[in-house]
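Residue numbers (this note's numbering), protein chains in the order written: chain L, 15 to 298; chain U, 6 to 394.
Covered by chain U, according to a simulated footprint, are these stretches of chain L (three or more residues, beta-carbon under 8 Å):
(1) 95–105
(2) 195–205
(3) 247–260
Derived coverage of chain U by chain L (criterion: at least 3 residues anywhere in the stretch with Cβ under 8 Å from a Cβ of chain L; other residues may be distant):
(4) 10–24
(5) 75–83
Keep in mind the hints are simulated off the structure, nothing from the lab.
Glycine is no exception: its CB is placed at the ideal position from the N, C-alpha and C atoms.
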Amino acid sequence: MSNTIIMGAVAYDPKVVTIWDGFKAWFKERGLNFDYILYENYERQVESHFKGHYDVAWNSPLAWLQVKAIAEKLGRKAEAIAMRDTDCDLTSVIVVRADSEIQSVEDLRGTSIGVGAGDSPQATLIPLVHLAEAGLSPEEDLRVRRFDVLVGKHGDHIGGERDAAQALMQNEVDAACMIDGNHLLFGREGTLPSGATRIIAQTGTYDHCNFTILDDAPKPAVAQFRELLLSMSYDDPAVRPLLDLEGLKVWKEGRTDHYALLERAVARFKTIDGFVEDVASRCS
Amino acid sequence: MLLILGDLGLNEGAHLLLKRALAGVAVGDVVLVEGSAPELAVHLRGWCRAQGHEFVDEGGRLQVRRGSAQSGRWRGAERAGEATKVVEQANPTWGLAGRSATVEAGAPSFDFPLRVRDEVWAEEAARLYAQAAAAQWDPATAIPWDAPIEHPDEVEDAVVQVMTYLVENETAALIIPARFTAQIHPHFREVMQLLAIQVADEARHIEVFTRRALLRRPRLGLSTAGAQTSLKTLVDEPDFALSSFLLSVLGEGTFLSLLWFLHEFAPDPITSEVARMAAQDEARHVAFGLAHLTHHIQADPTLKERLAMAVHRRHDALAHSAGLNEEVFDALLLLAAGSWQPDDLRRGWQRIQKLESDMDEGRRKRLQRLGFASGDAAQLSSLHTRNFM
Ligand SMILES: [Fe+2]
Ligand SMILES: [Fe+2]
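Okay, chain L solo, but in the shape it has when bound (with noise of 0.2 Å):
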């Protein structure tokens, strides 16, 4: 009999629905069942994980401490078990109008800064807590804009950082956060004319999505799921395009140790404790 495997996910954009049925259909022809759980927010779907609606979780990073923290009050144990080449070693980047006075992230004190939705890990709770960690707290030190794209997406989609970077150039924020490629590509489009800004700091290098599991998924089922996507190569037509719809060349082995940037934000910010406990005691 063939294994079957379920996976949640948040549907950020309505392109998940061809992205993930693309997995689908391939894990079918390679004999395992494989179905998915669509979430509109990533609470929701870290919740239903542990109240086991199903077995593996594509996680935010914002999800994946979620996740862990849950399950260190519960006694139990998480694992991240692949993730995309792409979600390795990102930084994100603070940027100036290139004729604006600031300089360095000092003096930042007492200007306005734009970022992304309130959860966005790359837009948001690591660029605060980079100028946190220099000495300028949030709020306090300098006026904070949200540009609340989709909250509940953990900032999956761009819209909030591309709101962000347009309000830089309108002169409506001095400063704007963004991830390291996204400035590039901003420029590309011509959000941010090259030229027209100016990067001030730039975050150290943090870790994005991963697929998580719990202690109870089942053996057999995650094992082949894990050694079906890790045998993905960007060499095969079939896959190609699923993998360039989802943004990767190649998935890699999980890894935890990169997401400690993110760790001190919300210990700092305090941004998922009371979730954490409210799942669970619900869950306990």
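Please build the complex by placing chain U with the ligands on the supplied structure of chain L, with the hints as guidance.
Positioned in the frame of chain L, the structure of chain U with the ligands alone reads:
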């Protein structure tokens, strides 16, 4: 390998130099990047991640280790035939790619029903296309729209009736190749182009015939059920070979005689000229129909039998329809006569007799060119629709 970018940034085109440098090293090898653009390290990190290369920043020494994705992308790619030669069967996954392009594996398959060479191809297609492209004319300037119209009112009514009839025939002649254009595999580019320009020809014909009709009258004349029934059998024919046989060889062939007749006997220079310009285009449409059916019959001699059957079938389908409507026939007669004088009417009548025998002769000649024996050609010609098209 060392790549020196100077102050050129990745947001200013430096990625091109980077790609070229990476193409020059093996997968797994490193390109050392030097440059003074202020955002180089940030952008390089983002770019490498997106492109599947490894980025290493060793205390400011920026290195890119070539990943395997780009070379993987073109593994298993297929050449879409050769630039100057067509294949017997075009591959659906070549899709919209031009002949001889390299097509990535995994490209979608397109459903072009006409992808067998012998069903569509004619060596003459390229030459006819070039001829057609060179012969495109501007309806605004090619026709002497301001020339005088001095004939009696009733003759003008006859012109309008004939134009009305021509417009619906030209519309059928536009729709049919337009539909097949989208069914032909783009590998047979010259045929696709030729049909497309044929459609443009018909668009002009519709325009000039309509404009001629409305010069002195506020609306077109009569459109009969019989004429439209005849044209509908053409529009409904799904087979490319049968359709171009009925439309191009027999229909447009017959129309050629009609248009030259109108050119010769039109009561005014405008009507004469719109007919002449259309006739020149029609000659190419007939030529292509003959050319690709000749090719097709050579490859598949049984096609001839199917063509003959199609004529019989259409004849049977139209047996109970009225054929060429009286209004059109009478209008042609009056137009050819030019007046109500009995002698003129007799001469007009004789001219129409001559027109019908010219049409029949033309059809028989073309059928014989396709390889029909003269007896068969005569019989098939006699079964052709009385509606001309
Ligand atoms: Fe025409
Ligand atoms: Fe035509």
